[in-house]
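Protein chains in written order, with this note's numbering: chain A, 93 to 604; chain B, 93 to 604; chain C, 93 to 604; chain D, 93 to 604.
Just to be clear, a hint being listed does not mean it is correct.
Given that identical chains are not distinguished, each listed pair holds provided it fits within a single copy or across any two copies.
Claimed, not checked - Derived EDC-like pairs (lysine to aspartate or glutamate); straight-line CA-CA distance at most 20 angstroms: (1) Lys514 with Glu163; (2) Lys161 with Glu507; (3) Lys189 with Glu401; (4) Lys534 with Glu330; (5) Lys514 with Glu401; (6) Lys533 with Asp162; (7) Lys534 with Glu163; (8) Lys189 with Glu175; (9) Lys326 with Glu175.
Keep in mind that the hints were calculated from the coordinates and are not lab data.
Number of protein chains: 4
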Amino acid sequence: SPYCPNPGDSIVVEDFRRKLKYFFMNPCEKYRARGRKPWKLMLQILKIAIITFQLVSFGLSNQMMVTFKDENLMVFKHLFLKEYQDQRVDRYAVYTKTDVYDHIYYIIRRFINLQNLTVGNHGYETMQGGYIPLILCQEFYRNSNISPGNDTFNIDPHVDKECISIYPLEPLDDNSLSKDVNLSLDFKRLLSVNIYLTLKAINLQTVRHHVFPDCYDFTITIEFDNRACSGRIKINLENDVGINECKDWNVAGTFMKNNQLLLIDSMVIIACFMSLILCIRSVCSGTQLQLHYTAFFHTYYGKTVSWSERWEFVNGWYILIIVSDTLTIAGSALKIGIQTKDLTNYDVCSILLGASTILVWVGVIRYLGFFQKYNILILTLRAAFPNVIRFSCCAGLIYLGYCFCGWIVLGPYHEKFRTLDKVTECLFSLIIGDDSYSTFKKMREKNYMVWLFSRLYLYSFISLFSYMLLSLFIAFITDTYETIKVSFALQLKVWLKNSHSQLNSVFIFFMM
Amino acid sequence: SPYCPNPGDSIVVEDFRRKLKYFFMNPCEKYRARGRKPWKLMLQILKIAIITFQLVSFGLSNQMMVTFKDENLMVFKHLFLKEYQDQRVDRYAVYTKTDVYDHIYYIIRRFINLQNLTVGNHGYETMQGGYIPLILCQEFYRNSNISPGNDTFNIDPHVDKECISIYPLEPLDDNSLSKDVNLSLDFKRLLSVNIYLTLKAINLQTVRHHVFPDCYDFTITIEFDNRACSGRIKINLENDVGINECKDWNVAGTFMKNNQLLLIDSMVIIACFMSLILCIRSVCSGTQLQLHYTAFFHTYYGKTVSWSERWEFVNGWYILIIVSDTLTIAGSALKIGIQTKDLTNYDVCSILLGASTILVWVGVIRYLGFFQKYNILILTLRAAFPNVIRFSCCAGLIYLGYCFCGWIVLGPYHEKFRTLDKVTECLFSLIIGDDSYSTFKKMREKNYMVWLFSRLYLYSFISLFSYMLLSLFIAFITDTYETIKVSFALQLKVWLKNSHSQLNSVFIFFMM
Amino acid sequence: SPYCPNPGDSIVVEDFRRKLKYFFMNPCEKYRARGRKPWKLMLQILKIAIITFQLVSFGLSNQMMVTFKDENLMVFKHLFLKEYQDQRVDRYAVYTKTDVYDHIYYIIRRFINLQNLTVGNHGYETMQGGYIPLILCQEFYRNSNISPGNDTFNIDPHVDKECISIYPLEPLDDNSLSKDVNLSLDFKRLLSVNIYLTLKAINLQTVRHHVFPDCYDFTITIEFDNRACSGRIKINLENDVGINECKDWNVAGTFMKNNQLLLIDSMVIIACFMSLILCIRSVCSGTQLQLHYTAFFHTYYGKTVSWSERWEFVNGWYILIIVSDTLTIAGSALKIGIQTKDLTNYDVCSILLGASTILVWVGVIRYLGFFQKYNILILTLRAAFPNVIRFSCCAGLIYLGYCFCGWIVLGPYHEKFRTLDKVTECLFSLIIGDDSYSTFKKMREKNYMVWLFSRLYLYSFISLFSYMLLSLFIAFITDTYETIKVSFALQLKVWLKNSHSQLNSVFIFFMM
Amino acid sequence: SPYCPNPGDSIVVEDFRRKLKYFFMNPCEKYRARGRKPWKLMLQILKIAIITFQLVSFGLSNQMMVTFKDENLMVFKHLFLKEYQDQRVDRYAVYTKTDVYDHIYYIIRRFINLQNLTVGNHGYETMQGGYIPLILCQEFYRNSNISPGNDTFNIDPHVDKECISIYPLEPLDDNSLSKDVNLSLDFKRLLSVNIYLTLKAINLQTVRHHVFPDCYDFTITIEFDNRACSGRIKINLENDVGINECKDWNVAGTFMKNNQLLLIDSMVIIACFMSLILCIRSVCSGTQLQLHYTAFFHTYYGKTVSWSERWEFVNGWYILIIVSDTLTIAGSALKIGIQTKDLTNYDVCSILLGASTILVWVGVIRYLGFFQKYNILILTLRAAFPNVIRFSCCAGLIYLGYCFCGWIVLGPYHEKFRTLDKVTECLFSLIIGDDSYSTFKKMREKNYMVWLFSRLYLYSFISLFSYMLLSLFIAFITDTYETIKVSFALQLKVWLKNSHSQLNSVFIFFMM
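Go ahead and model the full structure; you've got the sequences and the hints to work with.
Put into structure tokens, the structure is as follows:
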């Protein structure tokens, strides 16, 4: 047989075998075999420590900022929106013409008297000496002549925009307001009324934690949205925030500098960069060894090596670390940018750092895999993976069918089935046993045929997915676990007894 | 043995065997064997693509229409119902005589002043030049003399109806309203007061998406429901909608025509029709082969073929495709009808299309089954099916017992057990672990004996169904999966080694 | 061996064996063996049909009555309670002295003007010509002198009661009310103020369903509860209902008589009685056979029969039917009493009928067990039962520990842990995966140590019960199912091959 | 082989073996072997009984106290907070300057008129003849000059405090209040306004249960919290309670004395102390035997005993009992302290007693383990434990990664991900299938990229944890159960057949 290594058991083969063996050792074994210190392992542990510290400090500073922003949003809603109440569902809207005018005048009046009202330290934004005014803009179709009574309309879809500026501190009393602010809305053509305010505030709260206070610019947009033309004008208040260092300040006591945070970020970048280079080197040497191995086999045994065997030389864990390091470096660089020069793409930064964190922690599992008993777990998960994916494909097809069907049929009668992504979420929740009763209950409505269909639909879906699929899943995993356990015991036994026996795969032979 | 095919291994038998083998091949094998292009497979894939496109476009247009209708319903509630508030639970009702009159007069006054109030483009419906009036109808027992104090009553269950018309734009001031609208209700005989309004509106929203706007007719019914005679008059506002093309319009810019949608529907119908014919042909040829097979066996081996073997000739997947195609054709035909000539049974159409979608996507699993590893999954599900059904029967009986018991005993004390279908839903939710705490909590009430019973009832039900049944289910599926896996491995091995050995079933012999 | 039946295989033994065999046959086998018609089986099926019919008609009539009662309760709350609003959580209470007086005077005024207010057909109850008055009673400690400022009190726990009557239709205007109704409350001594009203109404709703309307007596109790002496007086309105036939009535059209319902009840009683007698007879004959069997074994083999074998002669299903029949008969008798002579213990009746329904439907499973494949299911459940019970004991102990601990430690900080039965419900819900987030969230509070403890408590509890126990459960059932399947296959094989082989248990030998 | 005990089967060995055997017997076996009465077992049962009694009485008295405290808190909120409403979410806050003054004056006015308002028996606290006044304190930065409009500020973070006292019963009418109470707040510097009240009340409720009423001191703190400086001043009312015996009282009738409760506590302490001593003695004798065993093995077989074998001599159950007893004694001692001398660390006491209760009930499982069939359960749990821990480590790492990632990325957009401990709770709830739909729904917001990330994040997390982990868990337990069952059957068989065969472990040999 051409596989048989016995006849050519020369020094070359033995040497190559030892090389291979060393390559596939884990750090502890390498240390025991040649006394090589596990630098890479130590670097990884250090990396995890400083990344975690960076993340926690970032999260905490973030949390304070978000809280301040949120509280201010709430304050603006209570200050500027007439009869606003905190509610779980946001249904703040107006339905009549007079209400629209009332709400607009209320906002203007509140803005003008802001300094006498607010309990917080809000101030008007200034520019070139004067205050920045409140700007009220209305959007409407250029020309439209609509008479629904006759089913006729004449519309020019081009949108025009008109704006008025109102300066604070103008002496406006309640009666004269509607006269002075010359506002007239043509509701049939109206698309939206937007009111823009800019206010400033200082987050003094941080003073107590000995952190330097920041100055905030709030750009408030109150939108009266009539785009649906349904007779209901929704009112939204949104609040964009810009954070600046304050210009001129004077504080008694000691305060933490921002520089310390930048130091940590730099350390993270350096550690990740070193880890990245070490891992790329390992991957490269693995690839070289693989080429060597392929050539070796071709010459000595006249056999080509299959792709699946070739892939074994690329350590998946290194790939994971490379991806994670790249993400962390990008994220940390962005973070430095945000903390110094007012880069504002905070979301990209947080996604990069967040995704890398998951990978970093998943990577720790590798080191647990060096222990025998943990390894079974990891191997089970890895072996079950292809079956799980296959299975998810089948389940996914049925799921897709149910999604489309639910959207089309139940959409008009059930709020949870209104849009496709809501349907997917709702059905996913039903699988893991959540919110099923309320899903049933909210359907209870007019059309009997649809009601009956919804019952069939929901009962069949839940039974199928919650029971059948879970059971199949458990059957897979249980089976895989047992297979792995048996094969593991077998493999170990073989290894212990005769390390020279002929095995099916040459590769496994070398690895032992 | 009469089964043994060896002695008569003539050309006829071999020929028939080849025919059978070819029949049971999947498209890929057929292509490899005789080079037949898999037209049917390609047609199916094409069909899925255009059906999905049709469904998504239908769903999206639908979604916009439903949103407009819903928002208008909300607007009408806020405009016509006095002190109406958006709430999660709809408890809008009146309890005193003056309140009833107040609410009715409020509706009339609002209707008359509608044009000065509404922010949307609502107009009165016109007919023959004049406006269509608001119609107020009261229903009452023809004759009734009820004195609950004496336990005596005298009633004629025949229901009379009286109506008043009120035209918009009549100059009615608040004081004179109750004088002019001569309304007097005899609450003891009263069954209901219904107010009918008709309004028109144009969905201008679509203009922005370059889709042609539609004209909507809203038929609003406000019902004061006193049928329960309990002293509580529930007020419902319902809103039926009719969608027309607008008569006279003038819009600047380019707009999509409806014709494009009709084109897609026609394509769907054609594709499904072709697929239907192909599948029916396959089923027919299968049936013919089965008859041939039966005759063949009768003559050659002197044995009748069992029904279960006969059924193997009818490919279940073709049946699935035939049903799905039929539903799609019916649904698409209806859809064309709705989009052109104002057929209004939208619900039937959506149910037909929805049900067919599930079947279409389930059908895709067939093509996955051509791969070996997916097949195990599908076979497991198929093999577990009879046991699952049997098991569900047993469980269903106990479930039924619990449903009846819960309805009778807990019905008066627990809102979730008020009607039989609520009970089934509630218990079903409990099985998959939903809403159990609130089910427990809402019971906490007066009667101690019933409270104790409810505890016993709920604890036993949840333990039984949530634990015992799930466990048994998993036991079945795990067992079936293992059986299938073993038998599959066995069957494959047998096939690889000796393809001429005598197997138990002649049918399996032929299939290999 | 003394067990060996071979030597004495005389006619007596064979005869007895045949007798035993016949006894353990199921109805189908009996029919096949001796042609005995399965009367008992047919009676059971008939019984199920009429019991279900009885239950559904009972439930439906019930449902209507409960709805009417509930709606009236809601009406009374809206009529008599000042500023009452429908809310999910009932927090209707007063906190100041003037509020208490206001609420009381409001109730009185509303009662006096009831006829002008209510929309329903409510009337005052009359007695001996005159109206029954509203009665206002206050309960207070006979003598109390409390000065919390000095930590001193002097109290006589004997409770005194004082009542005032207020007749309707007395001409009381708002100003004079407080003068005329001479009401003075000493809040420091006050325990409660109860206001009793009696009103009558007729449920005319049923007229439309051609069912005879009933006359209702509502005894309304409004309680101002100051028993807690905490400064918060809770106000409850309760509504007891008495249902009478109306005295004097006159209705046009045909109506269903109550007698038809009584007919069904009687049929149910007769059917159950017959089934009861047949089952008792079977149990008796089983017992006799057992005695015979014991004696037989003693004489022929010199062995005593163990108790577990003796119990096999008592068919558990008959016991189930006997219990179910007894409950049904008692329930139906009560129901007749309720429908004719105004017995009012409705709850006992419904519990009896409800419990019997569960048993009846569980009994149907017996007939499914006559089919081979269903039998495996039933046997699995039966075999797993002792292990499940054992397991539940262990789990129950830990559960109990957690209940006590949660009650003591978290009780003061968490509403769900306030009382022991709430704790059990809450923990039970957590096991099946419900309401865990809200349980976590509601804890977020003052004391850090308790907060930490609650985290440990909840995480450990959920992990332990939701994961460990479910897994162990599944392990049991899976194991039992496999054992049963194997032993079943074995038993069948044995039975088919050699029916004369020596088995371990003589009893099994006889059964085959 | 040096293990073989056969050659030296002298009297010494046999003697020592018997000693060991006796040591590892359970109480029943010991009774059967040498007739030793199971005193320890009986003591444990007695202990459980009195501990349970102690706990229930403690819990019930506690429950009453907590209810009274809670109701009073509610009363104070309704009395002192303007326009306060019972709500699920506490959003009581003010946003304008005038509102702050209004709320403060309202509280003062209410306090002064308390005696005319409250329905409960609340009195002012007195000290040295006079009443204790309401104290109003404001905290503010010593010096601050903030102008957010210019981005400049000048702040001295030192906090100053100013207080005013207002005595009750001063004749203050509404108009003069703001003049007399000289209150001026500088909102820009303001940190908080605290109002302190002290009130007294007597819990008369207990009189009806024939328990002696206690006197309560309520220290109410109303805090206007402006620390966030965001323009929103949150208002909290907190209520600390001190419970005293009333000084001077006079009640008619018989009442339970507190002494009875002290008696029970003392009994608990004595029982636990005895149990503690007995268990410590057993542990000591076990350790001695272990030393003896080690020495014995060293001399006779020349082998050292491994640590795992040595640990077998320390009975884990005794350790459990020792810990539980220590906790109970400490808890009961504290409880006596609380009931007599007004120690107030109630929480420590309840945690000690609560934790000990769980342990006591878990300890009962030991006695169930004396029965064969229960033992399998316990052994399965014990054997599965290390694997479960290992598995939880792996899962925990991924979980940690998800927690950090969710906090950083979703924190600003989702309320459930705001703080790290909220994230862990939310994700934990998702695993057991709770609240998933609402978690999905609350995310629906502005930033599309984050929205997409959240979908990926949630779907992957739920699939991974809810399916993969549960399945692996079940695979472990099922496997362990089967292993244990087989090994148990084997071990028993071996024990029954040949008790002298050579086994692997010497220890097992001795145990049999």
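Exercise for the section: Run the structure past the numbered hints and jot down the numbers of the failing ones, going up. Expected result: Those not satisfied are hints 3, 5.
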